[in-house]
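Peer 1: In the order they appear, the protein sequences are chains A and B.
Numbering follows the numbering used here, in which position 413 of the first sequence is assigned residue number 413; successive positions increment by one, without gaps.
Numbering follows the numbering used here, in which position 107 of the second sequence is assigned residue number 107; successive positions increment by one, without gaps.
In case anyone wonders, no lab produced these hints; they're calculated from the structure.
Computed from a prediction, not measured in an experiment: that's the story for all the values here.
Beta carbons are placed, not taken as given, at the ideal position from N, Cα and C, and that holds for glycine.
Treat each hint with caution, since some may be false.
Far from chain A, by Cβ distances over 12 Å, these chain B residues were calculated [as the list claims (entries may be wrong)]:
hint, residue
1, Gly74
2, Gly197
3, Ala228
4, Asp267
5, Ser271
6, Thr281
Below, computed lysine-lysine pairings styled on DSBU-like, alpha-carbon distance capped at 35 Å [what the hints assert, rightly or not]:
hint, chain 1, residue 1, chain 2, residue 2
7, A, Lys639, B, Lys53
8, B, Lys155, A, Lys639
9, A, Lys42, B, Lys53
10, A, Lys3, A, Lys133
Computed from the model, here is a short list of chain B residues facing chain A with C-beta under 10 Å [as the list claims (entries may be wrong)]:
hint, residue
11, Met45
12, Arg51
13, Asn123
14, Ser125
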Amino acid sequence: MGKVLGQPVVRNDALDKVTGRLKYPGDLNMPGQLYAKMLWSKRPHARFQMDTSEAEAVSGVMAVLTAKDVPRNEFGLIFPDQPVFNFDVVRSVGDPIAMVVAETEKIAALARDLIRVDYEDLPVVTDPREAMKPGAPVIHEKKPSNILKSYRIRKGDVQKGFAEADAIVEDDYFMPLTEHAFLQPEAGIGYIDDEGRVTVHSAGQWAHDDRRQIAHALDLPEDQVRVIYTPAGGAFGGREDLSVQLVLALAAWKLKRPLKIVWSREESIRGHHKRHAFYIHHKVGATKDGKITAMEVEIVADCGAYASSSTPVLANAVLLSTGPYRVPNVNVDGCVVYTNNLRTGAMRGFGAPQAVFAVELQLSKLAEKLGIDPATLRLKNVLVEGSKLATNTVVPAGVGIRQTLLEVTETSGWSDQGPQRPPAHAPHARTGVGLACGWKNVGYSFGFPEQASCTAELYGEQHIERAVIKIGAAEVGQGLNTILAQIAAETLHIPYEAVEIAELDTSVVPDAGSSSASRHAFMSGNAVKGACERALEAWQRGERPAMMTYQYLPPKTTPFDPQTGECYPNFSYGYASQIAEVEVDLETGDVALTRVFAAHDAGKTINPQTLEGQVDGGVVMAQGWALIEDFIQQDGYIKTRRLSEYLIPTSMDAPRDIVSCLVEVADPLGPYGARGVGEMTMMLLAPAILDAIHDATGIWFNRIPVKAEDVLLALKRTGSQR
Amino acid sequence: MLARPGLPSFDYIRASTAQEVVRLLKEHGEGARLMMGGTDLLVRMRQGDVRPKIVVDVKHLPGMSEILYEEGAGLTIGAAATMNQVAKHPAVRAHYPLLAEAANSVASYQVRNRATVGGNLCNASPCADTTPAILALEGRLVLYGPNGERELPAKEFFLGPGQTALQPGEFLTAMRFPQLPSGSAGKYLKLGRSKAGDLSLVGVAIFGFPDETTSSGYRFRIVLGSVAPVVLRALEAEQVLASQPPGDETFALAAQRAMEAATPIDDVRGSAVYQKAMVRTLTLRGLRDVWEQLAGRKE
Numbered sequence: 001m002g003k004v005l006g007q008p009v010v011r012n013d014a015l016d017k018v019t020g021r022l023k024y025p026g027d028l029n030m031p032g033q034l035y036a037k038m039l040w041s042k043r044p045h046a047r048f049q050m051d052t053s054e055a056e057a058v059s060g061v062m063a064v065l066t067a068k069d070v071p072r073n074e075f076g077l078i079f080p081d082q083p084v085f086n087f088d089v090v091r092s093v094g095d096p097i098a099m100v101v102a103e104t105e106k107i108a109a110l111a112r113d114l115i116r117v118d119y120e121d122l123p124v125v126t127d128p129r130e131a132m133k134p135g136a137p138v139i140h141e142k143k144p145s146n147i148l149k150s151y152r153i154r155k156g157d158v159q160k161g162f163a164e165a166d167a168i169v170e171d172d173y174f175m176p177l178t179e180h181a182f183l184q185p186e187a188g189i190g191y192i193d194d195e196g197r198v199t200v201h202s203a204g205q206w207a208h209d210d211r212r213q214i215a216h217a218l219d220l221p222e223d224q225v226r227v228i229y230t231p232a233g234g235a236f237g238g239r240e241d242l243s244v245q246l247v248l249a250l251a252a253w254k255l256k257r258p259l260k261i262v263w264s265r266e267e268s269i270r271g272h273h274k275r276h277a278f279y280i281h282h283k284v285g286a287t288k289d290g291k292i293t294a295m296e297v298e299i300v301a302d303c304g305a306y307a308s309s310s311t312p313v314l315a316n317a318v319l320l321s322t323g324p325y326r327v328p329n330v331n332v333d334g335c336v337v338y339t340n341n342l343r344t345g346a347m348r349g350f351g352a353p354q355a356v357f358a359v360e361l362q363l364s365k366l367a368e369k370l371g372i373d374p375a376t377l378r379l380k381n382v383l384v385e386g387s388k389l390a391t392n393t394v395v396p397a398g399v400g401i402r403q404t405l406l407e408v409t410e411t412s413g414w415s416d417q418g419p420q421r422p423p424a425h426a427p428h429a430r431t432g433v434g435l436a437c438g439w440k441n442v443g444y445s446f447g448f449p450e451q452a453s454c455t456a457e458l459y460g461e462q463h464i465e466r467a468v469i470k471i472g473a474a475e476v477g478q479g480l481n482t483i484l485a486q487i488a489a490e491t492l493h494i495p496y497e498a499v500e501i502a503e504l505d506t507s508v509v510p511d512a513g514s515s516s517a518s519r520h521a522f523m524s525g526n527a528v529k530g531a532c533e534r535a536l537e538a539w540q541r542g543e544r545p546a547m548m549t550y551q552y553l554p555p556k557t558t559p560f561d562p563q564t565g566e567c568y569p570n571f572s573y574g575y576a577s578q579i580a581e582v583e584v585d586l587e588t589g590d591v592a593l594t595r596v597f598a599a600h601d602a603g604k605t606i607n608p609q610t611l612e613g614q615v616d617g618g619v620v621m622a623q624g625w626a627l628i629e630d631f632i633q634q635d636g637y638i639k640t641r642r643l644s645e646y647l648i649p650t651s652m653d654a655p656r657d658i659v660s661c662l663v664e665v666a667d668p669l670g671p672y673g674a675r676g677v678g679e680m681t682m683m684l685l686a687p688a689i690l691d692a693i694h695d696a697t698g699i700w701f702n703r704i705p706v707k708a709e710d711v712l713l714a715l716k717r718t719g720s721q722r
Numbered sequence: 001m002l003a004r005p006g007l008p009s010f011d012y013i014r015a016s017t018a019q020e021v022v023r024l025l026k027e028h029g030e031g032a033r034l035m036m037g038g039t040d041l042l043v044r045m046r047q048g049d050v051r052p053k054i055v056v057d058v059k060h061l062p063g064m065s066e067i068l069y070e071e072g073a074g075l076t077i078g079a080a081a082t083m084n085q086v087a088k089h090p091a092v093r094a095h096y097p098l099l100a101e102a103a104n105s106v107a108s109y110q111v112r113n114r115a116t117v118g119g120n121l122c123n124a125s126p127c128a129d130t131t132p133a134i135l136a137l138e139g140r141l142v143l144y145g146p147n148g149e150r151e152l153p154a155k156e157f158f159l160g161p162g163q164t165a166l167q168p169g170e171f172l173t174a175m176r177f178p179q180l181p182s183g184s185a186g187k188y189l190k191l192g193r194s195k196a197g198d199l200s201l202v203g204v205a206i207f208g209f210p211d212e213t214t215s216s217g218y219r220f221r222i223v224l225g226s227v228a229p230v231v232l233r234a235l236e237a238e239q240v241l242a243s244q245p246p247g248d249e250t251f252a253l254a255a256q257r258a259m260e261a262a263t264p265i266d267d268v269r270g271s272a273v274y275q276k277a278m279v280r281t282l283t284l285r286g287l288r289d290v291w292e293q294l295a296g297r298k299e
């Protein structure tokens with residue numbers, strides 16, 4: 001632990017946030033701004049014709065923008081398969097088809113409602129298992145099949161592996177689509193800046209990529225587009241795709257006037273992508289002494305109407321579906337399939353929670369079948385330094401899964417005799433304890449270009465009075481700007497308060513990649529450390545101010561081999577083990593999460609407070625995924641349109657006690673040994689909760705959310721209801 | 001200047017006399033809406049479900065937020081008293097704990113700081129958490145209108161979802177509760193999908209007291225929320241409890257009768273079958289709880 005590093009310093013955005021001084025996207029305004037309102041598709045799959053003349057005739061309407069106004073009407077994070085505004089065909093009710101820009105918000109809304117749209121319905125397919133069959137309705141006319149992408153892994157001989165097994169567990173799992181439900185829906189302003197650049201001031205997760213996509217759609221050189229970020233009240237992957245940025249840029253560029261847009265919560269739920277629904281078939285075999293011999297996994301993920309980040313999400317799930325374990329024989333087949341549901345993409349965990357959910361429940365069932373303690377079974381099989389992954393390459397150094405497992409069992413009092421169950425609070429309740437492990441890559445995978453750049457500027461005379469850190473890394477509530485300032489202060493040997501993180505403006509700061517893949521502590525941390533080291537050398541040589549830019553490049557990763565899946569997928573992983581304690585009401589079926597133990601190997605801790613904040617937040621998010629959150633689409637229509645219908649956990653639902661155990665296995669490549677933790681905190685509690693429900697009731701659930709009603713019904717079926 | 005995906009424009013009037021409210025209601029008819037806490041009205045206005053031209057704030061009328069208790073006379077609660085005000089009031093807690101418990105179960109603490117008991121009643125939602133307790137305690141409602149004041153038993157107030165017995169120009173000013181029978185006890189139990197913020201999937205209020213006129217020696221009132229178009233008295237269940245000796249067998253039968261009285265529908269929050277089953281579970285639990293209190297009080 002240094003003077004600044006490893007200390008729970010006060011967040012450098014705390015004062016601005018609690019005093020209301022900080023401007024969130026919805027607080028931004030420009031003199032003379034216009035207002036925009038979007039028109040969304042009312043049908044999940046249809047041809048349509050639109051008449052905007054009545055809307056255009058409304059006094060105060062400046063423009064009704066549609067597909068014909070966009071020079072290159074396409075965008076997308078990985079590849080551009082989504083129109084900015086749909087033209088002639090809509091593929092989901094999340095498709096925007098027009099936007100009205102007017103003098104006031106009221107006029108914009110009024111004119112929007114005057115746009116006439118005639119739909120001619122097309123056949124709708126909403127189950128990816130149906131959509132992948134030949135003869136299913138085609139969702140993208142230019143694509144021969146609805147299967148967007150398939151990946152596979154082949155290692156060893158699974159038939160031989162299962163033949164050697166004394167016990168085999170095989171089951172089907174389902175996880176539904178999930179909404180991010182971040183604080184404050186999408187908002188922002190667009191304008192032409194003093195240098196004539198199309199400028200968007202909003203919030204997101206990767207300003208430089210927003211700029212790239214906007215420039216592509218508007219057919220402008222990138223230096224004619226400027227993206228400025230203000231901090232967001234949360235993102236969780238839901239701000240990774242473009243939302244309001246592109247339409248703001250388009251309107252500002254067309255009208256040469258500033259404008260503002262604010263999505264309602266209903267629009268936010270409709271307009272941004274979701275976490276993928278997954279169907280997983282999983283088979284695992286082991287010898288009677290608990291050695292895993294083989295795994296066979298089939299994955300089908302629902303892509304929704306457009307690709308978003310579906311391809312890397314699927315790749316992650318395929319890779320991580322064997323868990324943080326040594327498995328000699330592996331077959332994995334995964335595909336992600338277009339449907340007429342809302343599109344799916346990045347959300348905290350990026351395919352890991354779904355993969356971990358299936359494999360961890362499998363391990364728990366395997367332990368039951370073999371009569372081995374679930375913690376012992378996992379300890380026998382976890383990855384260690386030098387282990388080979390299913391991709392036939394060695395896991396990067398710094399493997400902390402074993403330590404997290406030992407730490408979490410010891411802290412919670414889980415001994416060789418099994419877990420310690422807390423007493424129940426009522427005669428009609430039963431308690432249970434469950435365990436799960438998990439792993440997740442840090443940084444981009446499978447050969448996706450990975451880098452982070454930073455400029456450090458040191459000001460002062462005799463000593464460094466002020467350091468300005470310029471880095472294109474988005475603060476989305478996770479505390480990034482705080483830990484980057486800590487790394488800078490530590491490297492420069494100056495007080496934490498002397499470090500200033502510059503505003504994220506693509507015309508000023510260099511690109512550091514997205515706020516995703518739990519990567520900024522590692523990637524941007526390394527960029528800040530490298531820039532500060534070099535700036536300090538310049539300072540010591542007498543340069544005033546001393547300014548240096550540094551680009552950090554991690555070890556190269558490679559994509560799956562199409563036949564075998566062989567590759568070097570990642571340069572770093574984070575590991576975790578969590579234990580859930582639940583109390584099940586046998587008469588109502590209600591499951592209360594009473595306590596959680598969470599052991600995380602995030603490498604060396606930069607700030608224990610922001611780290612524990614991540615753990616607490618991830619735990620509650622996973623609780624919602626496991627027990628409460630139920631996004632319902634029926635024939636492509638959203639049934640849970642707002643937060644009174646789509647429920648997320650409240651502070652009243654959160655467990656009374658979340659015990660964080662920080663395991664610090666240094667990452668040899670991470671800045672000061674740090675790695676990353678943002679996603680790892682939410683990826684493994686759901687299977688731990690379901691394991692605990694089984695411990696309490698003897699019932700295995702294979703799909704989430706597990707609602708009170710489901711529990712009661714299962715209790716009745718099995719007769720264990722009192 | 002601020003763009004908000006928000007409220008349509010309307011005129012806000014802060015009323016200072018009851019006569020003024022009546023005049024505005026008569027003048028604007030459907031175009032006027034009364035507001036107290038606004039926790040429901042403003043959301044519905046934002047959603048476009050209601051589009052009033054004027055919003056009349058009545059919470060500042062004299063006595064609207066007052067809670068008065070007088071030994072013998074009973075309790076009067078101004079329609080604009082907030083949930084937290086009711087839940088925390090010493091006299092309510094001492095003499096009408098069922099009402100305090102129900103008020104305290106509404107949504108979240110922050111919402112309870114704004115939401116009012118009167119507003120909860122006037123929405124006439126079958127899910128309103130305070131309605132079952134008010135019916136169980138046989139509250140009476142004070143309405144003020146063009147012809148002055150009148151009083152109505154609470155059970156006659158609810159005509160259907162969102163439908164009340166309020167006449168044009170009339171509004172709710174207070175709730176009155178009689179002095180409760182000595183040795184009485186109550187319990188409010190509810191289930192939702194989350195612990196705060198969700199509408200109740202099922203709500204059950206139970207109120208019981210010794211009564212020499214019944215053959216069991218006790219009288220119970222059972223009121224069910226969220227499981228019918230209006231909040232419902234389970235009269236057949238009550239009859240069971242009046243005629244048969246208290247005990248688990250009787251309670252189970254009464255719970256069964258309560259379940260049979262419920263007519264919930266399937267929706268995104270839960271199935272009708274589950275809601276019905278939970279009426280039985282919560283009624284049984286509530287009866288056992290109230291009986292324990294009654295038995296304890298007797299000793």
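Peer 1: Does each hint fit the structure? Answer for all of them.
Peer 2: Verification of the hints:
1. Gly74: Fine: 33 Å to the nearest Cβ keeps glycine 74 (chain B) off the interface.
2. Gly197: violated (5 Å)
3. Ala228: holds (19 Å)
4. Asp267: violated (9 Å)
5. Ser271: violated (6 Å)
6. Thr281: violated (5 Å)
7. A:Lys639 with B:Lys53: holds (30 Å)
8. B:Lys155 with A:Lys639: Between lysine 155 (chain B) and lysine 639 (chain A) the Cα gap is close to 33 Å, so the pair holds against 35 Å.
9. A:Lys42 with B:Lys53: Since the Cα atoms of lysine 42 (chain A) and lysine 53 (chain B) sit roughly 29 Å apart, the hinted pair holds (cutoff 35 Å).
10. A:Lys3 with A:Lys133: violated (60 Å)
11. Met45: violated (13 Å)
12. Arg51: At 13 Å from the nearest chain A Cβ, arginine 51 (chain B) fails the 10 Å test, so the hint is violated.
13. Asn123: violated (14 Å)
14. Ser125: violated (12 Å)
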